[in-house]
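Colleague: Listed below, chain by chain, are the residues.
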Amino acid sequence: MKSVVFEDVSFQYGNLDQPTLHHIDLVINEGEKVLITGKSGSGKSTLAHCINGLIPFTYKGEMNGRVLVNEKEPKGLSLFAMGTQVGSILQDQDCQFVGLSAGEDVAFALENDCVSAEEMHAAADRALKQVDMLQHKNQPPQSLSGGQKQKVAIAGILAMNVPILLFDEPLANLDPASGKKAMETILDIHGKTGKTIIVIEHRIEDVLEHGFDRVVVVDDGRIVFNGTPDLLLAEDILPRYGLRQPLYVEMLKLCGIKAKEEDRISILENTIKYKDQVLKRYMEDRFADQRPDNRTILKLQGVSFRYFKEDPYTIEDVSFDVKEGEMLAIVGNNGAGKSTLLKAISGIAKYQKGSIYYGDKNSENKNDDNSSSILGMNCINSWTAKQRALAIGFVMQNPNHMITKDMIYDEVAFGLRNFGVGKEETDARVKEALKICGLYEYRNWPVSSLSYGQKKRVTIASILSMGPKVIILDEPTAGQDYTSYREFMSYLDRIKDTGVGIILITHDMHLALEYADTGVVLSSGRVIAKDYIDRILADSWIIGKANLKHTSIERMGRLFGVEDLSAFIAYFTRRVTSTTDQSPDLTKLVKQSLSGEGEEVPHE
Amino acid sequence: MSKSGSLYIERESLFHGLDGSIKLLMLIAWTGFAFAFMDARVFLGMILVGLGILKLSKLPAKAIWPLFAFIFVFTLFNSIFLLLITPEYGSKLAGSYTGIVTLGFYSITLETIFYCITLSLKYIAIMPITILFIFTTHPSNFASSLNRIGVPYRVAYAVNIALRYIPDVKTEVDNIINAQEARGVAFRKGDAGLATRLKNYATVMVPLLLSSFNRIEVVSNAMDLRGFGKSKRRTWYHRKNYTGMDLAFAALSFAVLAAGVAIKIMVGSVYWYPFSL
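Chains Y and W supply the protein sequences, listed in that same order. With the first letter of the first sequence counted as 1, position 83 gets the number 83 in our numbering; the numbers rise by one all the way through. With the first letter of the second sequence counted as 1, position 27 gets the number 27 in our numbering; the numbers rise by one all the way through.
Source of the hints: derived by calculation from the structure; they are not laboratory data. Model, not experiment: these values are computed from the prediction. Check each hint, because a few of them may be wrong.
What the hints assert, rightly or not - From the derived model, a few chain W residues whose C-beta atoms are all more than 10 angstroms from chain Y: (1) I64; (2) L103; (3) Y273.
Unchecked claim - Lysine-lysine pairs mimicking DSS-like chemistry, simulated, CA-CA at most 25 angstroms apart: (4) K299/Y x K423/Y; (5) K386/Y x K170/W; (6) K343/Y x K240/W; (7) K350/Y x K405/Y; (8) K323/Y x K530/Y; (9) K189/W x K405/Y; (10) K343/Y x K386/Y; (11) K350/Y x K170/W; (12) K170/W x K129/Y; (13) K230/W x K60/Y; (14) K423/Y x K199/W; (15) K230/W x K72/Y.
Ideal Cβ placement from N, Cα and C applies to all residues, glycine included.
Here chain Y stands alone, though its shape is the one from the complex:
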C-alpha cells in the first residue's frame, strides 16, 4: 500500500502571492523510512502540512493536484480524521506537551477519543514503556529534559496507533546525544511496528547515520532529488542546494575521491577502501599549526554557584581564560551547567565562590585596589549585570527575545542610548557595528522584514555597538539552516579578527570543531577538559564522560587506525572549513543556487 502520494501538487498560502510548492510528485510506500530535507523556506514544512492535514484545514490556500494519504484525500476528510492516519511530532517539544505530567500528555489523544480511564492508563503505560519513559510517568514537563519530552511526544503518537509517523525537525532543539537517542527510539519503533516513518530535518548527518531508505531534497518548492542516501552522497547533491554533507563525506571529496552509489558511502564503515587515499593526502599536506598567543581579557578562577544554600553547586570550581581574538566553545550536554555559567559571567547570578577578572587595555587603572587585579586585569566580582554589559556582551539564543525596536538602526542604537552615549558617538558606533555584521545597507529597514538568521545578526550588532571586549553567544546557530549558519559564523570570524574574544555556548560539536580555537568541556557543573578543540574531540574519555557525540571524522580516523587523531581531526576540519568558507556572502550564495551552480570543493 502507498502511505503518501502527491500527484502534481502545487500549493499557495492564502496570504502569499507566490506558490510555496510547485508540481510535487512523490510516492512514499508503507513501512518506508524517508528523510525529507531542504533549506529553511524550501517548502519542506509545507509538504509536511499537506501530509498531516494542517493543509487544508488550518492553513488555507489554493491547492492544485491531488494528495492521497493512505489512499484517501485529506480534503474529503477532517483534521480529526487525518489525526487517525498520521501522527505528527512537532519541532517544539514544549508547545506540544500539553499535559501536566508525562502520563497525562501521552493520554491526551485518548481522552479526546473518550477512551475509558482504565483503558487509557494501560495504553499510556504501554506507550511510555516502548520509549523507555515509564519511570517518569508522573513528572511534570518542567522537570523533563528536551529529549525526554520528545520521547513523551513519540509515546503520545504511539498510543494513537496510527500507521504513519511524521517528524517535523525532531532534532532541532535537542543536544546531539539526546538527538541520537531520539533517532534510535524512532528506528526502534520502526523495527517493532513497521510503521511508515517520515522525517523532515536539515541535520542530515544525524539522520542518515541511522540508515534511511530514501532521501527527498526540496529546494524552492520543487523536489530536486529523490533517491537512496548512497546516491545522494555520491552525487554531490547536498552542497548544490546549500545543505550540509556529513563531515566524513566532505573529507572524502576533499581528498579527490569520487564515490558511486554502489560504494555505499552512507555507511561510514564502507569508506575503509579509501583509507590509503585519505591518509596519503593527510601525510603529504599537513599544514603549519598556528596557535595564537594573545593577551588574556577574561579570566575565571574557581567560580562556583548554587541556586539555594541547601543545594549542591550547579557549577563548581570553574576556571578558564579567554584571550583577545579567540573563539572559545563551552560544550556540554543539557544540564551540564552551561546556562548557569553564562549567568555567572554576565552577572545575573551572583557566584558564591571564585573570581572573574576582566582586562580592557584602557581600563587598567580603573580599580584602585591593587590586590584585586592580576596580570593587568581587574576583578569584576562587584560589578552589576548592567556594569558588566559594557564589557561582556551576551547574545541570546532566540533573537526575538532581544529585539524590541521596529527599525534596525534603532535596535542597534538602543543599548548606547540607554547608557547615555552622545548622539554622534552612537551614530558612529552603530554604523561600524552594522558594517561588520553586513547590515549597513539595511539600516533603515524594519526588523520584521528580516529572516531569522539576519535578525540574529542584528542582535549581534546591537551588542557589538556597545563595545564589549568579550561576546558570549548562546547556541548561536540554533534554528538556522546550513547556509545561514555558515554565513553567520563568517561574520563572527570577522568580529573575532577585531580582537574581541568570543565565547560560544553550544552542544553542536560540528560548530565547535569547525570554528572554535579552544574548548571548555562542562560535565555536571565541572570543567573536565580545557584544550584545543581538536584534542578534546579526539579524546574518547571526554566525549563519553560529557555525554557528547563522536564526530564522524573522529570515527573515520579510528576506522583508519590513525595514531594522532587530534591532528587528523584538526587537519580535516581546517581544510573543510577553509574551502567552504570562501563565499560567505549571502547574495553570492543565492545567485549560485538560483543559477544551479554547485559550490565545487576544489581539488587542488
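Given chain Y, put chain W in place with the hints provided.
Modeller: Using the frame of chain Y, we list chain W on its own:
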C-alpha cells in the same frame, strides 16, 4: 511553589483522596452557607470546623500560614476602609448608636467596629476550605473537576493549559528581562523612576507577546492534530469513579448548602449584635 508552578502539596489524607469536583462542591456549599449569615458566632464555629478539616488534611502549617496572613492583612485594610468611608453603617444595622471616636462630623461607632469584626470573620471562615481545595487538588484534576460540575470541557481545559504554560512564560519573561537589563534598560528600584520602569516593562511585552502568539499557534496545532474538540465530550486521564466517601461529602455539601438557603429564606439575613440594649 513547586517546580511545576502549582500549589499542590502531596500528602496522604482523607481530603487528598476526594475527587477534585467534590472539593469544589464543598467550597461552593461552604461559601454559600457563610453568605447566608451575618453572625459572628456562626463564623467562629465555621473557622473552628475549618481548622479541624485542615488539621485532618495534614497540610504543612508553613504552606497555610502565608495565605492566612494574607487574608488577615486584607481584612484589616478592608475594615479600615469601611471605618473611614461608612463609620456609622454598623449602627444602622444594629439600630443603636454608641460613639467611640468623634471628630466633628466624623464618628466611629462601636456597632461599626463589631460589624467589621463580623465581616472579617466571614472572610476568614471561607479560607480553610479554599486552602483545602487549592492545596489538596492535583493540578491535573482542576480541569476535570470543573468539567464534572458542568463547565464545558473546552473552557475547563483552558485552565489546564494555563497551569501548564505559566511556568514556561515566567522563565521566558526572566530571560527577556535579563537580556534587556544587560543593554542598560532599567527594571530595578534605584535605576530609574517608577514611570520609566513601568514603561520598560511595557517594552518587554513586545517580544513576549510575539512569542506567545507563536506559542499559541503551535499549541493549538498540536492539540488539533491529536483530536482535541473531536466529540461533544471527552474522558479524563485523572478522573476516577466516585467513591463512597466522595458521595458522602457530596451529600453533606448539599445538606449544608440547603440548610444555608433555608435559613436565609426563612429567617432572612440576620445580623447578630450582642451589645444592643
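Colleague: If you draw a straight line from the CA of K230/W to the CA of K60/Y, is it 25 angstroms or shorter?
Modeller: holds (20 angstroms)
Colleague: Between the alpha carbons of K343/Y and K386/Y, is the straight-line distance 25 angstroms or under?
Modeller: holds (13 angstroms)
Colleague: Does the structure keep K170/W and K129/Y at a Cα separation of 25 angstroms or less?
Modeller: violated (32 angstroms)
Colleague: Take a quick look at whether K423/Y and K199/W sit within 25 angstroms of each other, Cα to Cα.
Modeller: Given that 25 angstroms is the threshold and the Cα spacing comes to 22 angstroms, the pair holds.
Colleague: Are the Cα positions of K189/W and K405/Y separated by 25 angstroms at most?
Modeller: holds (24 angstroms)
Colleague: Taking only the CA atoms, is the gap from K299/Y to K423/Y under or equal to 25 angstroms?
Modeller: This hinted pair is violated, its Cα atoms lying about 33 angstroms apart.
Colleague: Please confirm whether Y273/W is truly not at the interface, meaning its C-beta sits more than 10 angstroms away from all C-beta atoms of chain Y.
Modeller: Given a closest Cβ separation of 48 angstroms, the condition holds.
Colleague: With 10 angstroms as the threshold, tell me whether I64/W passes as away from chain Y on beta-carbon distances.
Modeller: Holds, because the least Cβ-Cβ distance between I64/W and chain Y comes to about 22 angstroms, which exceeds 10 angstroms.
Colleague: Take the C-alpha atoms of K350/Y and K170/W, compute the straight-line distance between them, and say whether it is at most 25 angstroms.
Modeller: Distance ~20 angstroms between K350/Y and K170/W Cα, so the pair holds.
Colleague: Assess, step by step, whether the Cα of K343/Y is no farther than 25 angstroms from the Cα of K240/W, and give holds or violated.
Modeller: With Cα atoms ~45 angstroms apart, K343/Y and K240/W exceed 25 angstroms; violated.
Colleague: Below or equal to 25 angstroms on CA atoms is what counts here, so check K230/W against K72/Y.
Modeller: holds (20 angstroms)
Colleague: Is the Cα-Cα distance between K350/Y and K405/Y 25 angstroms or less?
Modeller: violated (30 angstroms)
The structure does not agree with the numbered hints 4, 6, 7 and 12 stated previously, though it agrees with the rest.
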